[in-house]
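**Q** Chain residues, written in single-letter form:
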Amino acid sequence: MGWSQVSAVRVHHPDTLDEATALLRDLDDALVYGGGTAISVLRAQGLLFAQDWVDIARVPGLADLTTTSDGLRIGALVPLRRMETDPQVRRLTPLAAQTYGRVAHPRVRNTATAGGNIAHGDYRLDPPTALAVLDATVHLTSAAGTREVSIREFFTGFQQTAVAHGELVTAITVPRQPERARGTYVKLRSLSENDWPCASAAVLAVPEDGFVDIRLGLGGLAPTTVYLAYDVTPDMDVEQAVDAAIDIADSAMDPIPDIRGSARYKARLGRIAVEEGLRHCLKELAG
Amino acid sequence: MTDTVVPTPLPEARPAEPRHGVGDRRTRFDALGRVRGTLRYTGDEGAVPGTAFAGVHRSTAPHARILSIDTTAASGMDGVVGVVTGADLAAVLGDRMVTGPAFADQPCLAVDKVRFVGEAVAVVLATDLATARAAADEIAVEYAELPPVYDIDDALRGEAFVHDELRPSSVFADLAHLRGVRDTNVCYEYRQVLGDTAAEHAAATTTVSATTWTPPTQHVSIELPSTTAWVDSGRLEMLTTTQTPSYVRQTVATMLDLPLSRVRITTRPLGGSFGTKMYDRLEPLAAALAWTTGRRVRIDATREEAFLLTTRHGAQVIGTISADSGGELVAVSSDVRYDTGAFADVGPRITAKSGLVAPGPYRIRSVDVRSRCLYTNKVSAGPFRGFGVPQVTFSHETLIDELARALGEDPYRFRRRHLLREGDVATVGTRMHSADFVSCLDGVTAAIGWDEETPPGDGRWVHGKGVAVGFKAVLTPTVANATLNLNQDGSATLLISTVDMGQGSDTIMAQIAGEVLSLDSRRIHVVRADTDATPYDTITAGSRSTYHTGNAVRLVAEAMRDKLIGFAAELWDVPAGVLVLDADGVAHADDDRRISLPELVHARFGAAGATVTTAENFTSRWVPYDHDTGRTEKATEHWFAGAAAVRIAVDTWTGRIRTPHLAVAGDVGRAINPTLVEQQLTGAALMGLGHALFDELVHDHGQLTNATLLDYQLPSFADVPERLTPIIVESAHRDGPFGAKGVGETGILPIAPAYSAAVRDACGVRITTLPLTPERVVEHLEDRS
Amino acid sequence: MRLASSFPVPAAADKVVALFLDPETMRSCIPGCEELTRTDDSHYAGRLVNEVAHVRFTARFTAEITSVTHGQDGDPAVVVAVLRGEDRRLGSTIRMDATLTVTPRTTPQDGDAAEVGYEFELAVRGKLGRLGEAVIRRRTAEVERQFAEALTAVCAGRPVPRRGEDAGGHDDGPGSGAGEPPAAGPAAAAGSSAVGSVAVAGAATPSASGVHSGTGDPVPGSSPAVPAGRDRLVLGLAVAAAFAYGILVGERWGGRR
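Each protein sequence line maps, in turn, to chains A, B and C.
Heads up, the first sequence is in the working numbering, so the first residue is 1 and it goes up one at a time.
Heads up, the second sequence is in the working numbering, so the first residue is 1001 and it goes up one at a time.
Heads up, the third sequence is in the working numbering, so the first residue is 2001 and it goes up one at a time.
Keep in mind the hints are simulated off the structure, nothing from the lab.
Note that CB positions come from ideal geometry on N, CA and C, so glycine has one too.
Any given hint could be a false lead.
Take a look, some chain B residues computed to stay more than 12 Å from chain A by CB distance [said to hold, decoys possible]:
#1 Glu1304
#2 Phe1605
#3 Glu1775
Beta-carbon label-pair distances, calculated as ranges [as the list claims (entries may be wrong)]:
#4 A:Ser40 to B:Gly1050: 56 to 64 Å
#5 A:Asp209 to B:Ser1716: 54 to 62 Å
#6 B:Ile1318 to C:Asp2075: 55 to 63 Å
#7 B:Ser1716 to A:Leu285: 33 to 41 Å
#8 B:Gly1457 to A:Glu208: 36 to 44 Å
#9 A:Asp28 to B:Gly1076: 48 to 56 Å
#10 B:Leu1156 to C:Arg2038: 39 to 47 Å
#11 B:Glu1782 to A:Thr85: 40 to 48 Å
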């Protein structure tokens, strides 16, 4: 275990998970440092005051990306770029690979980590939309042990997550995407191309017996990532399926107006993202 | 095209291979260092032991009296070596601590009152930067709010005043008459009057009006401002990120009441600037702190602080254009309002220089321009690539485009018919030379296939094309000097105060000197601006260096050529007229006598490593504006002419704009280095694309709300048009070095109006407020239907 | 930035007003309010303490009343004031031109009720100001929810919930799917309001100088001479202050990593 100083911050370098969780338990005001892409920006703005950073880079196993019997286990330190490019991710969860590949730009994706990404808790993040429709599980570890939280319950409020004091995200598990399912991620920006999304939607269409399970993950359209699901029954044509998707999305959208658009405009983009994504998936299913 | 200027002929000169001279696509000499990160910028310099780092405490009120400043907590912190307020500096320096190029309105620390959110109020000096910044947060200031002037409307209402009275500085002599004027936020007004616009508008058959708004933006150069100042043997020395070392030396000398010889400003290459590192930024404060405390003081701006140092002027233009039944342009009226923020900076210059081109580069029978510079309680606005002209260009190009449509004419051909030609007199009264608008316009429209069919829409996406021209005068009068040392080994060292900030000036200046001396330009080293060594140069800005400093460099190289030939003439006792200088040295034109430069210099001085020195000056002149009409027979040394044409696709669902093809052209007189010219045109076009589509500083109650790179929008590679075509037009200038003129700003002028014209063409809506955000496009589409 | 909204409280307007008059109630309802004192006839000072990412902050605020209109015969009571706060640690200040209203309502289902409305012209400056609207607008809803929950609890005779104990309870987390608006929380929870009536202090309705300059720049000492109603205003301002401050730093933001 090491210790170094970055200006007014103490940076701890635990060598094991136990050391890391002990630090998080004992320190009053600690931040887990993963890729650092969000932390360093907030700190530079003088808005982050945590005195202790726990850099988990030396903790063994956290950067492992492994296949399991029913899907993927993504260590907290797996870079987003690897989620985008890894053949196993592309094969087992193509929607996740596509969505991770849409985060910011390659420099960020090379540095930012899968665990840090969701721990950031921002309502505009790309990956949580796909993780929600894929029914991922977040693994949280503290000195007291490990617990699992569904990604759909993980984002508890505006920039708030289920991570409690003393805990850190150690892994995300994602069930393999159903074989016949079709998914896509639609990201709409209102300003420059590398900006946060103004609205985004991950859509997964899962054929079941006699109906299609439609799952929607919305980003940037409410204070947290939104997960929605409904069924397309055989009596519905594509237009009706789209109308239903827009209706249900409309009921859930609660956009925050800012420089990227008014609430009204963001909701408009949200409807377009949902429609585009759904049409794409249904077309692929039909074809 | 006009005739090309041929340099003084060199009979039978043997060219070196390759010489990397004028017209060659020489790679920037520092290109590798810039991309690999091995080139050292100002902020890369390690801090000398004993350096005091500055943390700046900034105002949280837009307009307020300072009641008290409590520095107790900050002073008590470990590592803090001093806390300095504006009152402390005023006690030593008096009014001299208030500086500025146009008006002495910029205190290096606020005294008595603050004028914008983010103004520097006090400085902590500490042994490390983190402590300095932490301690700056501990300073407590008590304010009594004053009524704020948030915007142009507030400024013109004249109920509250940002400055109690106008105090012209000594730098711009033509503002002296404004001294002591009170109760106004209008710090400068330029008028241009030609003919009787009221009568012409009234008699016209077609009239189009538009009120345009161009928002403030920030330069966001990659390199952040950094300044270190120290006192050495009673002299104030400084290393700083500036485009204007000569100006800074004068300002610091005046502020500290020192002779110029006791002030030294040094620079390193800049990592981009675009106007952000000009005039009074961190330098007066650093100098004042170093001088009053005796410490070596270093000020590094954070990205967030850089947004508080300067911005581009937001500008409103209320414009009207009229045509007669024959389609002739009979009148243009233009009411231009620049929001210059809390300090005038060069706002008055921008107001005049932009006002003089506000009607556009057209043959117009009558014009009436009123261009005003207004103080508000915002971050100061100053120079920004284009110097205020993009704002008026958006107006005149919106007007002429709409007028063409009103007349049922093609916007390209309508412009072409009315554009100023060589020898025409512009509305400001100055004759046109080397400003080939027609070739620029023809070039960009041909590039995008103007006359080809626009793709049909598919119900969601619609397509359109737009075109615009840009018209700007080079800053005049200005001064450039160059000193050249020819080394005995036949290499050369060129001393100029032009600052290379990525535009490649060091590369092209060497190309100019090398061309004259038949030297490989890679053997010519250009010294970084250092006011102890490099001679006075007005500024590195306004696209003036290629022409002005380039001419000084041409002259100094010609003087060197003459001097070397003179040495050989003396050596051989022959008339100088029979000798030539070529790539192998000096040769006799009529026999086979020849001597290499190393031999010649060695023969002259008998010393290896000796140097030969020449120095020259180039100064451009103008004729001041007529008091009543604002017109002059020589408003400028030369003109910039440019054009852009764009094909876009608009997503009518989201309002988003896609760019299949953008073409941009500039008349550069002569391309000293075509690669660098293309890069300037391209870079300027991309910056213009940002301003057209999303770049904007947002204010709320005087607070900048998006002044971080989390929220501030800039074009990235992902925003680059699918095709981007830079086009070089060469209409040689009779007095330019090898016919050349600058190009740094030409490409940015016409971009936004070309885009708004394309949106008009694609969707039938005319948007007069920038940027053309998707939401704004959607709103206009909804309003139409 | 302009912020405007309203929320229902399950009690009669006069009762709400009375609760507003009780400093202890207010202190328990206003997130982070630790002090509230009157410094002279028209000026008040308070202190708010809050936590951001486990770091405690203290912000002082002052309030200045610019006009008062008292409610009569079902009309709303209206308070107009200017509020200034400062957080030195964050190098930020806030100025708020606030209008608060309490409007009597009677609903068939629940009996007595009132609507508390607010309109803030908010200027946030300094480091927090550059966060932009998104955070601030979102915080408004959160603080409103916290205050409304607390006030509802008091009306219902329940203990005021401590902050943090209801984490996730009312939030429209991704699992709920329905995206329930936050403000609906307290209203839905407002079942029982059977609390004995509280005598309204200072209920006299002096002739208020109803309309006022509205410039937001009042002349000191020129405030309406209505001491009896003054406390009500102060407490209303405290609510506004809490909103304003809570909007800024009322809760950790940026999340833990």
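**Q** Tell me the numbers of any earlier hints that the structure contravenes, in ascending order.
**A** Hint check: 1, 3, 4, 5, 6, 9 fail, others pass.
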